[in-house]
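S.K.: These protein sequence lines are chains A and B, in that order. Numbered as in numbering that gives the first Met the number 0, the first sequence ends at 237 without a single skipped number. Numbered as in numbering that gives the first Met the number 0, the second sequence ends at 198 without a single skipped number.
Quick caveat, the hints were computed from the structure, so don't treat them as lab data. Errors might be hidden in some of the hints.
Stated by the list, open to error - What follows is a set of in silico ranges between Cβ atoms, one per label pair, in the way DEER data are often shown:
(1) 71/A with 36/B: 26 to 34 Å
(2) 49/B with 49/A: 26 to 34 Å
(3) 178/B with 209/A: 53 to 61 Å
(4) 71/A with 161/B: 53 to 61 Å
(5) 2/B with 192/A: 21 to 29 Å
(6) 35/B with 208/A: 27 to 35 Å
(7) 4/B with 191/A: 16 to 24 Å
Stated by the list, open to error - A short, non-exhaustive set of chain A residues, derived as facing chain B with CB atoms under 7 Å:
(8) 14
(9) 93
(10) 157
(11) 189
Beta carbons: idealized from backbone N, C-alpha and C, even for Gly.
Here are the chains, one letter per residue:
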Amino acid sequence: MTQLFPRDRAWHPQALDPNYKTSVTRSPRQPLLSLEGTTSELSGPTFGHGDIDPLDNDLLRNFATTGDPVGERILLHGRVLDENARPVPNTLVEIWQANAGGRYRHKKDTYLAAIDPNFGGCGRTLTDDLGYYQFRTVKPGAYPWRNWVSSWRPAHIHVSVFGTSFAQRLITQLYFEGDPLIAKCPIINTIPNPRAIDQLVAALDINASVPFDCLAYKFDIVLRGQRSTYFENRPEGN
Amino acid sequence: MVQKLDYLKETPSQTAGPYVHIGLAPGDAGFDIYRHELGRDIAGPDASGTKITVRGMVRDGTGAPVKDVLIETWQADANGVYPDQGSVDPGFRGWGRVIPDFDTGEWAFDTIKPGAAKDQTGAVMAPHINLWLVARGINLGLNTRLYFHDEMAANASDPVLNLIEQPVRRQTLIAEQVEGGYRFDIQLQGPSETVFFDV
Ligand SMILES: [Fe+2]
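Generate coordinates for the entire structure from the input sequences, incorporating the hints supplied.
M.R.: Here it is, written out as structure tokens:
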């Protein structure tokens with residue numbers, strides 16, 4: 000079992016950011032206790048093809064009953080890598096999103112935009128041997144939320160990834176190249192470093208687009224790297 | 000100038016938001032889409048060990064319940080073995096997803112009580128369940144651990160609990176025994192703020 004690179008918490012969003020108001024009462028005030036990874040954090044759940052179905056990664060089809068969902072059809076693809084640039088194979092990637100009008104299929108979402116009867120808004124897949132994943136979906140719409148009187152989330156897809164250790168667990172959001180709302184979003188701006196924000200913006204990928212069918216966006220995901228065990232006091236192998 | 004280190008940077012986290020259930024527990028969002036949802040059965044039907052129910056609530060700095068939290072749990076089996084580290088009982092996943100009642104914020108999950116796992120140095124850790132919390136307003140998932148009140152001797156020598164400088168704060172990680180199992184309340188802030196780890 001191999002230790003992970005320490006998490007660079009200056010690269011991540013800050014827990015407390017008054018401009019993202021909900022973070023004020025939900026961010027711990029005590030410092031986090033730094034812990035060298037034990038078996039509990041360095042192990043992690045595994046998933047297999049028996050857990051999911053082939054259509055689970057096709058949001059155009061996995062909930063549709065009377066036809067395709069409304070909206071701009073997109074192919075979302077990329078790789079899951081670690082900080083050593085090694086692919087992370089066979090790991091679970093789950094996504095969820097609003098429909099093309101910016102409305103979520105959730106009993107707590109009351110935004111006035113219409114529910115799309117043919118769109119559920121979630122998908123999941125396992126990366127292949129080289130860490131590749133892909134989804135087919137529609138581009139989500141922007142939607143308003145209560146922060147300032149008129150705060151609008153840029154179009155985004157929520158992404159959840161596992162890796163091999165519980166301490167690699169990550170949830171993030173993917174944004175779309177060229178969206179003017181990105182710069183104004185208080186949730187995105189909890190990330191202090193503009194280069195880190197760039198890492199969350201999926202690139203328009205014309206080469207991967209399917210002519211007369213769908214545009215493509217590429218989004219690579221990087222999980223924490225594993226430290227080499229050379230010269231450790233207690234060699235345990237990789 | 001120096002040579003360049005060619006590591007990649009970890010993808011920055013973002014909040015899971017209030018609608019995390021759509022992706023990770025769509026049945027709770029209000030619709031059926033997957034043949035089976037993941038994380039709904041931690042131990043499986045045939046696991047050995049003591050069956051337990053853990054209940055609790057996550058509260059914010061004002062004391063209000065965090066009703067949109069999603070908690071993931073990760074634990075060893077009754078013999079202290081994690082599923083990817085050795086052989087465990089058939090059907091034992093060790094991993095689960097816990098969603099509160101949206102009206103009250105109260106949650107519960109069923110599992111078996113984990114055994115004592117060894118840490119990476121071979122030292123025995125007291126039985127515990129690892130928890131990872133995400134929610135609206137939480138920008139990077141929070142890691143903590145749940146220990147058991149009826150394991151006082153093991154807790155007293157647990158290498159992780161003993162890293163907590165103030166003994167009073169260790170108590171925030173100890174689930175109390177209640178009828179039918181255990182209770183574990185989590186405070187995101189305040190005088191009895193739960194200890195969270197940078198793992
Ligand atoms: Fe969202």
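S.K.: With reference to the structure, classify each hint as holding or not holding.
M.R.: Outcome of the hint check:
In this structure the supplied range 26 to 34 Å holds for residue 71/A paired with residue 36/B, their Cβ-Cβ distance being about 29 Å. Our hint of 26 to 34 Å for residue 49/B and residue 49/A holds, since their Cβ atoms are close to 28 Å apart. Against the hinted window of 53 to 61 Å, the Cβ-Cβ separation of residue 178/B and residue 209/A comes to about 59 Å, which satisfies the hint. Remark: the range hint 53 to 61 Å for residue 71/A to residue 161/B is upheld by a beta-carbon distance near 55 Å.
A beta carbon spacing of about 22 Å between residue 2/B and residue 192/A agrees with the range 21 to 29 Å that was offered as a hint. The supplied range of 27 to 35 Å is met by residue 35/B and residue 208/A, whose beta-carbon atoms lie about 33 Å from each other. Taking 16 to 24 Å as the suggested C-beta distance range, the pair residue 4/B and residue 191/A conforms, at roughly 21 Å. A hinted interface residue such as residue 14/A counts as satisfied when its beta carbon comes closer than 7 Å to some beta carbon of chain B; here the least separation is about 6 Å, so the hint holds.
Contact between residue 93/A and chain B, as hinted, is supported at the beta carbon level, the nearest pair being about 5 Å apart and thus within 7 Å. For residue 157/A, the interface hint holds, since its Cβ comes within 7 Å of a Cβ in chain B; the closest pair sits about 6 Å apart. A hinted interface residue such as residue 189/A counts as satisfied when its beta carbon comes closer than 7 Å to some beta carbon of chain B; here the least separation is about 5 Å, so the hint holds.
Consistency with the previously given hints is maintained throughout, with no hint failing.
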